[in-house]
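Listed here are the chains, written in short residue letters.
Protein chains: 4
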Amino acid sequence: MKKIGIITSGGDAPGMNAAIRTVVRLAHSKGFKLVGFERGYEGLITNTFRPMGPRSVGGIINRGGTILYTARCPEFEKKSGMQKAAENLEKDKIDDLVVIGGNGSFQGAYELSKICDTAIIGVPSTIDNDVFGTEETVGFDTAVNTAMEQIDKIRDTAVSHERIFVIEVMGRTRGFIALAVGLAVGAEIILVPEVKFDVNKIYDTLEENHKKGKKSSLIVAAEGIGDTHKLTKEISQHTGYEARLSVIGYVQRGGNPTARSRFLASLFGSKAVEVLSNGEKDKIVGLQNGKIVTVSLEESCETIKPLDEKILQLAKELAI
Amino acid sequence: MKKIGIITSGGDAPGMNAAIRTVVRLAHSKGFKLVGFERGYEGLITNTFRPMGPRSVGGIINRGGTILYTARCPEFEKKSGMQKAAENLEKDKIDDLVVIGGNGSFQGAYELSKICDTAIIGVPSTIDNDVFGTEETVGFDTAVNTAMEQIDKIRDTAVSHERIFVIEVMGRTRGFIALAVGLAVGAEIILVPEVKFDVNKIYDTLEENHKKGKKSSLIVAAEGIGDTHKLTKEISQHTGYEARLSVIGYVQRGGNPTARSRFLASLFGSKAVEVLSNGEKDKIVGLQNGKIVTVSLEESCETIKPLDEKILQLAKELAI
Amino acid sequence: MKKIGIITSGGDAPGMNAAIRTVVRLAHSKGFKLVGFERGYEGLITNTFRPMGPRSVGGIINRGGTILYTARCPEFEKKSGMQKAAENLEKDKIDDLVVIGGNGSFQGAYELSKICDTAIIGVPSTIDNDVFGTEETVGFDTAVNTAMEQIDKIRDTAVSHERIFVIEVMGRTRGFIALAVGLAVGAEIILVPEVKFDVNKIYDTLEENHKKGKKSSLIVAAEGIGDTHKLTKEISQHTGYEARLSVIGYVQRGGNPTARSRFLASLFGSKAVEVLSNGEKDKIVGLQNGKIVTVSLEESCETIKPLDEKILQLAKELAI
Amino acid sequence: MKKIGIITSGGDAPGMNAAIRTVVRLAHSKGFKLVGFERGYEGLITNTFRPMGPRSVGGIINRGGTILYTARCPEFEKKSGMQKAAENLEKDKIDDLVVIGGNGSFQGAYELSKICDTAIIGVPSTIDNDVFGTEETVGFDTAVNTAMEQIDKIRDTAVSHERIFVIEVMGRTRGFIALAVGLAVGAEIILVPEVKFDVNKIYDTLEENHKKGKKSSLIVAAEGIGDTHKLTKEISQHTGYEARLSVIGYVQRGGNPTARSRFLASLFGSKAVEVLSNGEKDKIVGLQNGKIVTVSLEESCETIKPLDEKILQLAKELAI
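Taken in sequence, the protein lines are chains Z, W, F and C.
FYI, the numbering for the first sequence is 1 to 320, going by my numbering.
FYI, the numbering for the second sequence is 1 to 320, going by my numbering.
FYI, the numbering for the third sequence is 1 to 320, going by my numbering.
FYI, the numbering for the fourth sequence is 1 to 320, going by my numbering.
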């Protein structure tokens, strides 16, 4: 009888609980034993775990956050910490470790896989959608909808006050959220870290919009594009239009998962259990071309997921 | 210079406005002229239309319903009515007609295509998700989330009262909504028109659940599975557990579209404009294997879209 | 040291958990001992209870439903059942019993108060808002907002299809929800059990509205006004306009409480603890003229709370 | 026949549209003529207005923002600007001006009332709830619920990461939003501009909480309490717990109004029309002790509305 460990790691994402539920229930049905380590990699190092079964994941499919907790774990980034984790996995006789997290967590998992025998299966779950090997991660759709709903509200004020709004959404290095949200709210301008922008073109666009009768404009910007406070101020000063900044912050991480985030959590979790049952190791599961697939942990970790710039172009053409 | 007509037809779906906006703005950018006929096919028969341009679709991306109105049109089902529509399209010199609607609307479009020269392009937009040729329709994701959010609330009462809840969602002939919603809320039982059910198995499942300590259970049923009032009563009487029915009705049709419904509306509308620019005719656009594709109107209308019964099986395995 | 029992009784209402939290934490701070009986009066009869303290009510302020469960209890309506409850309260040495519920629960509490020494304090908590002695009950504001948000969505379909919608909201005997919701959505017609209606006047109003250019109308009706299916059909047949019915059901009972429901739960719970600390007995707490007050259980149970018909008149004047 | 002008002024608030609708429809029914000036006081100075009637306020009861627009108007603060506004009111023969706004707008209205004959009626409508003479303003309940819903989501992350969250809500000079939101989310600490705080007491409270087993804590702070970035950093450094800041910004101004905001808009608007019909002048309407009352514009403007510190105390007692 296999023994499976589960962790959630990195920033929490809505749908992590749905993923835990899937893995626990399907693995239990196959007769596997399950333990949940708490606080991500920290739990591996401190060997803090609890047994899990079908009842311990009841009533969580619709809850944001993670019942297994999560934490940044600087110690795991050191050789000694990672070694300790590997030893505990061996000591606890964990055959497979399911890592529910994003790109950062998978990088850690990849390193760990090099020094321990436990098979590692990654379930991409992060609002950032930055995992190579899957078109979408668990939690991304929820974060996009949460940000979108807020901007729909801010639009009321933008229109009533005839103002420019710069809205900063999450994404320190990647623009997936900004792009999806910008398209969804009909943003006049979308700024992502992957594409350099020219502030003069922003001024031009805003001025053209004004001439067309668009008295309010929405600029959706990923946090990674630079100082949005400064940008907002510059826009105000240069164009003479009132501009305001709104930072959509941590709220994007929480809340009940959307149907799609729960759906992906179910499909990904199901594939993960299939994969580990087959004795495969060091893979992540993912969505590609409408199918649930696996990709090696190595490939996922060593490849940068591209942003679809055609969508950026489409958003621009739609904001006329 | 091409002249494009647009209609929204059949039951309204969240994202229809986003689709109108996309088609109008992109077609306008290509130099095409645009008119919107009102109330679906009725507007073709009465020749009721208005010119449309980029400003006439401002501020609608986030609105449910349709600014072009929609209506059932029994007259269009008669030969004389359809003939009149064809004559008006010719008289108005409409080169292409974009039909934003579901399977029923496309059946009408297909008939119309046989008697008129106007090229017809279908943009699948219905909460029912019943269009062959696309994995998902505009509005489906919103309807699923709306129903799911309601059932998340009903769960509070189910748990507090330790009751069985039968929840009827939309779907007179198809179970797409019921399946997606049932998976998302973690329903103990999902009933769809495509799969016959045995009421005795329902009793058995509920009794097993009770023994396991699950004192409340959710049964998600498509309206097409039969009389849910009767089913609820029978469950109460047979099992002795308190059962209640809740019908999630028209609310599933309305509300602001989700990010995904807006996203599909943008991609579908964009493809529709590309298709009609190319001089193609009598097609629908759709999502297949993660790509935006076209399918002939004929094929879409003459094929029944299958329900993915593997998902039904997965939902069952997860509800232990 | 006093010993306090708590029950939640009758239909669950959003904010019951917030009320439990308030009573438990404030009573604990005063050095009182606390137990929660489960499933309302049933728990008194079966003597099923658990000790409660500040940590047992953590993380529940924002949750719908009730962690103490609730149930209808036909046995409590019999003399023998009520007697058993009274005996258990005596045996368990419960000095005060806090009953969190609505009018039906308070009627039971009033009868119980006649045969036992335990002081009873009622905290009005029901979506029905039918408790005399308080202008508003915990949960009412949430139910009104939940129904309103749904009707805001249905309006999209009403406008797009140019239809009449009859919307049935909760209220078997009272029209508080229908009135508040009807005013909030700008319903053309509001039907409450307290005021007889003439179906011919409904036809007249709808026809006048149509002449004014209002092609869609919303009729908000309490469930207690009669057969809404029949009414909808009659309206269709008589006026010739398309009419549809939507029943907003159990969803009104669940969901996270609004700020106001939590606010009232905090103020009511606080007053309840003050009252029982003072050694007062057989009272309910309530909101009157912006102040938190107490009313005798007897007076609350023997008086019918009036509906404010001036608001009904105002809603009518606003729907022109 | 009276002629009534309407403006919305200051920051937009959800329910302003519902208030416009009420005033327009009820005043129209009394046979009064109505014009809406655009962009608040700016519209009075530029004499930009449009006629209004029952149909021009259809479909807006559920919309955030204001169809009459609003703007800051520095020119109105100068003598010459205000004089110009007064002249236009006289020239346009406006008998009564309904000002829908907050304390700042009423200060302007009060000054204007000293130099013109037009009767001024204030309808308190601001998320800030800072108007003396009314316990609640239109829009306040919506803003509180919007902020609360966000913090309910942030709590998921706070719990999952076992972090302290400082959450900044609106309120540059007043703590009404912070207090109501803090109570509603069960914040461990609430900081308002009206009450000085000692950062050492915050450290103590957080450390006590940690000992009790509360690994996450929420601190709700009004923006007016000082630099929340600095505070968050200091908490992190001093206590050693991870602390994060989230600023709930402009989203609090927008969105569909809650039932209560629409209810107050209806009652306030109704009272405003009654007041101006009676020939009263230079008043505001308000809610006091559960009744709709009037207060002189002078008294409202020259009195500071007190914050109820007993609620602050209650919130503290509940956060044990």
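You may find that some hints are simply not true.
To be verified - Straight-line alpha carbon distances no greater than 30 Å define the calculated DSSO-like cross-link-like pairs of lysine-lysine that follow:
| no. | chain 1 | residue 1 | chain 2 | residue 2 |
| --- | --- | --- | --- | --- |
| 1 | F | K211 | C | K33 |
| 2 | F | K310 | C | K91 |
| 3 | C | K214 | C | K230 |
| 4 | W | K316 | Z | K33 |
| 5 | C | K230 | F | K291 |
| 6 | F | K212 | F | K230 |
What the hints assert, rightly or not - One side of the interface only, derived from the structure: several residues of chain Z facing chain C at Cβ under 10 Å:
| no. | residue |
| --- | --- |
| 7 | T70 |
| 8 | S160 |
| 9 | K215 |
If you are wondering where the hints come from, they were derived from the structure by calculation, not from laboratory data.
Beta carbons are placed, not taken as given, at the ideal position from N, Cα and C, and that holds for glycine.
Hint check:
no.	hint	verdict
1	F:K211 to C:K33	holds, 22 Å
2	F:K310 to C:K91	violated, 38 Å
3	C:K214 to C:K230	holds, 23 Å
4	W:K316 to Z:K33	holds, 21 Å
5	C:K230 to F:K291	violated, 39 Å
6	F:K212 to F:K230	holds, 26 Å
7	T70	holds, 5 Å
8	S160	holds, 4 Å
9	K215	holds, 9 Å
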